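Participant: Below are the chains, spelled out letter by letter.
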Amino acid sequence: MSHSQKAAEFVQNEAKTNWHNETLWWVRNKRDISTQKIPEWEELRSLGSAVKENVMTNLADYLEEFEKNATANGIHVHWAADGQEHNRIVQSILEQHNAKKVVKSKSILTEECGLNHHLEDIGIEVVDTDLGERIVQFAKQPPSHIVLPAIHMKKEEISELFHKHLQTEEGNNDPQYLTEAARQHLREKFLNADVAITGVNFGIAETGGFVVCTNEGNADMGVHLAPVHIASMGIEKLIPRFEDLGIFTRLLARSATGQPITNYTSHFHRPESGKEIHVVLVDNGRTAQLGREKFRNSLKCIRCGACMNTCPIYRRSGGYSYNSTVPGPIGSILSPGFDLKKNKSLPFASTLCGSCSDVCPVKINIHEQLYEWRQVIVSEGLDASPKKFAMKVASKVLGSSKLYFSLGKMARKSLSTLPNKMIYNNLNAWGKQRDLPKPPKESFKEWYKKNRS
Amino acid sequence: MSKPKVGLFIPCYVDQFYPQVAIASLELLEKLGCEVTYPMNQTCCGQPTANSGYEHLNTSVNDLFVDNFASFEYIVCPSGSCTLHVKEHMHAEGKPNESLHVRENSYELVEFITDVLGVSEISVVFPHKVGYHASCHGLRGLRLGSGSERNIAQFNKPEQLLKTIEGLELVDLDMKDECCGFGGTFAVAEEALSVKMGKDRITDHIKHEAEVITGYDMSCLMHMEGIINRDGLPIKVKHIAEILNGAGL
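These protein sequences, in sequence, are chains A and B.
Numbering follows our numbering, with no gaps: position 268 of the first sequence is 268.
For any residue, its number in our numbering is found by taking its place in the second sequence, counting from 1, and adding 1000.
Warning: the hint list may mix true and false statements.
Said to hold, decoys possible - Mimicking SDA-like on lysine to any residue, the simulated pairs with C-alpha atoms at most 20 Å apart in a straight line are: (1) Lys396(A) with Arg1230(B); (2) Lys432(A) with Lys1176(B); (3) Lys392(A) with Leu403(A); (4) Lys449(A) with Lys1176(B); (5) Lys1199(B) with Ile93(A); (6) Lys421(A) with Lys1087(B); (7) Lys1176(B) with Trp26(A); (8) Lys450(A) with Pro1019(B); (9) Lys363(A) with Arg1150(B); (10) Lys1236(B) with Lys392(A); (11) Lys449(A) with Arg1230(B); (12) Lys402(A) with Asp1067(B); (13) Lys449(A) with Met1040(B); (14) Lys438(A) with Arg412(A); (15) Lys1199(B) with Asn18(A); (16) Lys1087(B) with Glu368(A); (17) Lys1176(B) with Ile33(A).
As the list claims (entries may be wrong) - Taking beta-carbon pairs under 7 Å as the criterion, some of the chain A residues facing chain B (in silico): (18) Ala7; (19) Trp26; (20) Phe138; (21) Phe242; (22) Arg316; (23) Tyr320; (24) Val378; (25) Pro437; (26) Ser443; (27) Phe444; (28) Lys450.
FYI, nobody ran anything at the bench for these hints, they're computed from the structure.
Small disclaimer: the values here were computed from a predicted structure and weren't measured.
For each residue, glycine too, the CB sits at the ideal point set by N, CA and C.
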């Protein structure tokens, strides 16, 4: 189903659409308040963008530097060309340790690779330990937002899920009660885990270490209790130097939720004695995107989710309307690179309002890339033929002043003389819930000819 | 000083459906001391096709546009969106200098008045409560205002002019620069969302007791007017050129 079909379904429930819209706008507002407290905010954005520009330009070198330094620290570094290879590598590490129970902190990359399904299929218990991710895992759903995975669910729905899975009291919707139940449940999972999997927010080439940002401390809890830590990391997550990190930790949490910094900013440099750290570096389409000049800087993304919170489309259509691991504006410029045909409606799920580009902490020109993907989709012949035909006619008419003049006159005349039944029908999407403008007797051109020339 | 020579670019849908907006733009520029010409062979800037992914079909549209406007000192248009498209994409094959001239000298009407003519006050009367709609392409593309996303010194060129009008009271909005959902072909391709976004915008203006929504893009106003008329809502739309030119409600 295309984005427009899914969005049309979503907005049918107007009360829920309004609630979703207002909830995310509230997060956007928190972001505004916290960014306005920093006079150098725009400078930070420029710095973040420039550092990432440098990384994208020299990615191969930084990756090798990272591998060398991480290995010297005693970290095992693995390379995965795609999601399947990533999953096989994780599987082989689990098998080496005869691991059956895995706790996982939030990682959109493992969602992208379909890791949970892969591990469950071979009999491994995977427990997502981020509260929002645990909620959607109970509901057998993917996250609908990259920072707020269960933002589409109301507390009543969560209460029902917890009643079913955690035997909480039926109808008790108190958020504190429900969170406490999740906490007790997860505590037991942490204590018994064989392996902890985390994502990576920033890998530092200079030190070979990496940083994981969470609000719940669940990454630390998992890593400190389990003997083995596997960190899945997209190759674009690198920054060159340790001193660059401050730019990004300042940008990330403020953009994501309006916090000055995430509650936990966990640094991992080397394994504790007797333990192991594995980093799996994943390409999965990233070098292909790096090769697309107009779309390359989409890889600067630090996954803050600000473009989703600000997007008037996302707020009113929900994360699932995008049918893609990363929804919202940034997803709509990343996903076509993975599968153009499947994601061909996404670059059109935008009015090109540009708010995404202005909130982006690393200044990705998201709305301009949406425009460029539209050109690619059409040139690859993936656009529907009625529209193709309409556009050919439009360009003919608008390319000729004579045709434009006479057809404009005819259209206005028909609109003023035809009965409404013929104007407002199924073929007229504009007129389903909107009136057409009342056609004037004369166009400006006709007026000008009479009055001025 | 000689009069600024302006080529008036009127968007196709304004020419066809809102001639009063074009007339107001023409009269306003003349009142402000410009020598204004409307090139008769103009049609459209090509944005509807380009934003739909068909920029490659725009060869003759672009040729026509550059031929019509390359000879003017300034090209002025009562639409932020069409102006932005011209500034970002207008290019006629084999005419790089003319194309560049057109791109660099195209102005949206309000920014032309404030930035080029240096006018900071308009002496007309409009004794009404007005809601200002900051259309996206003018706001974030042409930077007619600072926008709520960026942490920079606040400015707003259209509001600055509107505030000088006698009797005009600008209302505050809950969301001062949210998109109305027009978006060109988005309005039909994503009909349900487009209408929902439009309704939300109108509700904000009505909630703050605006009698009329104004802005520099008639396309956004046309979309909201379509919903207002269908649902019989107690509010009107009026292009900023009409108000600046002294029109009544």
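Participant: Next, verify each hint and record whether it holds.
Facilitator: Each hint, compared with the structure:
| no. | hint | result |
| --- | --- | --- |
| 1 | Lys396(A) with Arg1230(B) | violated, 32 Å |
| 2 | Lys432(A) with Lys1176(B) | violated, 27 Å |
| 3 | Lys392(A) with Leu403(A) | holds, 14 Å |
| 4 | Lys449(A) with Lys1176(B) | violated, 39 Å |
| 5 | Lys1199(B) with Ile93(A) | violated, 54 Å |
| 6 | Lys421(A) with Lys1087(B) | violated, 40 Å |
| 7 | Lys1176(B) with Trp26(A) | holds, 14 Å |
| 8 | Lys450(A) with Pro1019(B) | holds, 13 Å |
| 9 | Lys363(A) with Arg1150(B) | holds, 11 Å |
| 10 | Lys1236(B) with Lys392(A) | violated, 35 Å |
| 11 | Lys449(A) with Arg1230(B) | violated, 33 Å |
| 12 | Lys402(A) with Asp1067(B) | holds, 15 Å |
| 13 | Lys449(A) with Met1040(B) | holds, 8 Å |
| 14 | Lys438(A) with Arg412(A) | holds, 9 Å |
| 15 | Lys1199(B) with Asn18(A) | holds, 11 Å |
| 16 | Lys1087(B) with Glu368(A) | holds, 14 Å |
| 17 | Lys1176(B) with Ile33(A) | holds, 15 Å |
| 18 | Ala7 | holds, 5 Å |
| 19 | Trp26 | violated, 12 Å |
| 20 | Phe138 | violated, 29 Å |
| 21 | Phe242 | violated, 26 Å |
| 22 | Arg316 | holds, 6 Å |
| 23 | Tyr320 | violated, 14 Å |
| 24 | Val378 | holds, 3 Å |
| 25 | Pro437 | holds, 4 Å |
| 26 | Ser443 | holds, 5 Å |
| 27 | Phe444 | holds, 4 Å |
| 28 | Lys450 | violated, 11 Å |
Of the hints listed earlier, those the structure fails to meet are numbers 1, 2, 4, 5, 6, 10, 11, 19, 20, 21, 23 and 28, in rising order.
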